[in-house]
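Dock chain B against chain A, hints included.
Chains A and B, in that order, give the protein sequences. Mapping of the first sequence onto this note's numbering: residues 3 to 351, in sequence order. Mapping of the second sequence onto this note's numbering: residues 17 to 164, in sequence order.
Watch out, some of these pointers could steer you wrong.
[What the hints assert, rightly or not] Computed list of lysine to aspartate or glutamate pairs in EDC-like fashion (alpha-carbon distance at most 20 Å, straight line):
no.	chain 1	residue 1	chain 2	residue 2
1	A	K134	A	E80
2	A	K219	A	D239
3	A	K58	A	E80
4	A	K219	A	D271
5	A	K219	B	D64
6	A	K58	B	D115
[What the hints assert, rightly or not] Which residues of chain B face chain A? A few of them, derived with a C-beta cut under 7 Å, are:
no.	residue
7	V25
8	G29
9	Y35
10	G36
11	A47
12	P49
13	V74
14	T81
15	Q86
16	P106
For the record, the hints were derived by calculation from the structure and aren't laboratory data. Each residue gets a CB set at the ideal place from its N, CA and C atoms; glycine is no exception.
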Amino acid sequence: MGIAFGICFVTGLISHVHQNPPAWLDVPSRPVWAYQLTQGLHVATGIASIPLLLAKLWTVYRRLFAWPPFPDLARLLERLLLVPLVAGAVFELVTGLLNIVQWYPWRFAFPVAHYRVAWVLVGALLVHLAVKAPTARSVTGRRRRRPDAPPEAAPSPERRAVLAGVAAAAGAVTVATVGQTVAPLRAVSLLAPRDPALGPQGLPVNRTAAAARVAPKALDPGWRLLVAGRLRLSMSDLLALPQHEVELPIACVEGWSASARWGGVRLRDVLDLAGVPPDRHITVVSLEEGGYQTSPVGPSAARDPLTLLAMRVRGEPLHLDHGYPLRLIAPNRPGVQQTKWLSRIEVSS
Amino acid sequence: MTPWWRAPVLVTGVLVLGYGTLLVLSGGPAAPPTAVGVWLAGSLVGHDLLLAPLTLVVAALVVRTLRGVQRRVVATGLLVAACLVLVALPALLTPGVPDNPTTTPRNYGVGLAVLLAADAAVTAALVLAARRRRRPVSLAKGPVRTQE
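This is chain B alone, in the form it adopts within the complex:
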């Protein structure tokens, strides 16, 4: 079943993609295609060959050690932490703007540490709550189920 909007969206998309490609290739001193191309390729490689595999390794560890609600809560906590780190990295690593103390004025290391601690605390509280919820059930209805 093909939705009616498929063809017009496809045609528009091809035209816009073509226009964008021409824009990037049009170059000029403000944005030479090679300079933009390097960063485009870097974006692809940085995600697909670095960030994504790293995530899979972490995910495999979580999957192996935790189950059920706890696994889902910890996974969420890790996603929140990863995104906070990514957003903080530019502010942490920037060389800064000379003579302009109003750019990146905060202590971002402390800020990130506070936010990660809050994330860890919320995650831990939710994991404990999940454990506590399971225990009365197990007393009333027999052994604790290992799989939810």
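Bound conformation, chain A alone:
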């Protein structure tokens, strides 16, 4: 349980830093598959910890009704601690599960609340572990025994059955969903919220052109990419630059991922053309107006030869839902920041 929540917390922090990088940080653009791995793990571990959490809570549930409820101050504090612990754990799993099907029946921004409550949960979990330290050790049997201590009983069949049951349930829910990022399992992942091969041009879409209300601007023949406020590139200008093809995954925050072959010009070629110094942080700006309009690109990603301003995917011009006329595609980057329908590239001072 602790390990599962630890994985979720660390991978969650990585995703948070990707999406909210401090100004001084240049998020590394390699390894290419890093975000695909950490975010896939984040979601898969969260799903697998559902049976872990339930089994844990159900085995201790009857202790809630111990009498007297608060024999001393220590016991009172321990009980109060259960409030953030249980509420936080259930909250994180429920909001995470609803987010991966893009269902938001609440009045807060999912990433903000999910991130904040994660700190509450991890704090409560650490305190809980410290308070329970002696018991946890005697259960795992790793404590060095004094010679006069009674021999420890072998785990009972009931306890072994609980562990086996939890393992079976964790395995079942994992196989039922993990095919959204592990492509060979997509046929058996009957409950996966995404099919990585389903969508226009064989790729899923998170935000459609209709939802982003960009169609008129994106389809306008007068479209130009404005670079650093001084360079205007039309589609034929971009096609006249050296063209490159790269194989990169779209790795979504919601835990699905799919790889494809993208074609276009290198971002660094365009930046060089506009005379942008190589150490600058830049911002890519979409035609879309609203929350996902811009995303920051550090020097490491901006100068990576794999980072493209893509015009093609799988040999075809981008589908409007995949960001026509031009989108960013970069290694080790959350899908939500692979900004679509580009209109401008701005240089930070």
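Just chain B now, kept in the frame of chain A:
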């Protein structure tokens, strides 16, 4: 016997819990504390007053009707089924995203039914295997024991 790491973990935990609480209370339009609080309270109540008691009722029924290996196998099958249902529920109940057929594209009702059927089949096979294993023993060594 207090392990050496107890104090540092305790202090770290208190600091992290305090930081998280301040974050939640800091509010802002993106996550008003009242909106988050309602869902936190709902999480606690939903589990402790709904899901857990329901489980206890089911568990009591299983305990009353089955014994030994069979009881453990059936309990495992039920836990697997419960977790599959919980994971399937959001996909089954979501209103879906308009104009985006790539979100929740499958027939999750059929998917869940197939998985639950597989779970039931495995559970039934294991229960039968457990019964069969017991029978030769009972022939050789006298009456079947009721308690394992």
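Hints and how they fare:
no. : hint               : verdict
1   : A:K134 with A:E80  : 9 Å, holds
2   : A:K219 with A:D239 : 18 Å, holds
3   : A:K58 with A:E80   : 16 Å, holds
4   : A:K219 with A:D271 : 25 Å, violated
5   : A:K219 with B:D64  : 51 Å, violated
6   : A:K58 with B:D115  : 40 Å, violated
7   : V25                : 4 Å, holds
8   : G29                : 3 Å, holds
9   : Y35                : 6 Å, holds
10  : G36                : 3 Å, holds
11  : A47                : 4 Å, holds
12  : P49                : 9 Å, violated
13  : V74                : 11 Å, violated
14  : T81                : 17 Å, violated
15  : Q86                : 11 Å, violated
16  : P106               : 5 Å, holds
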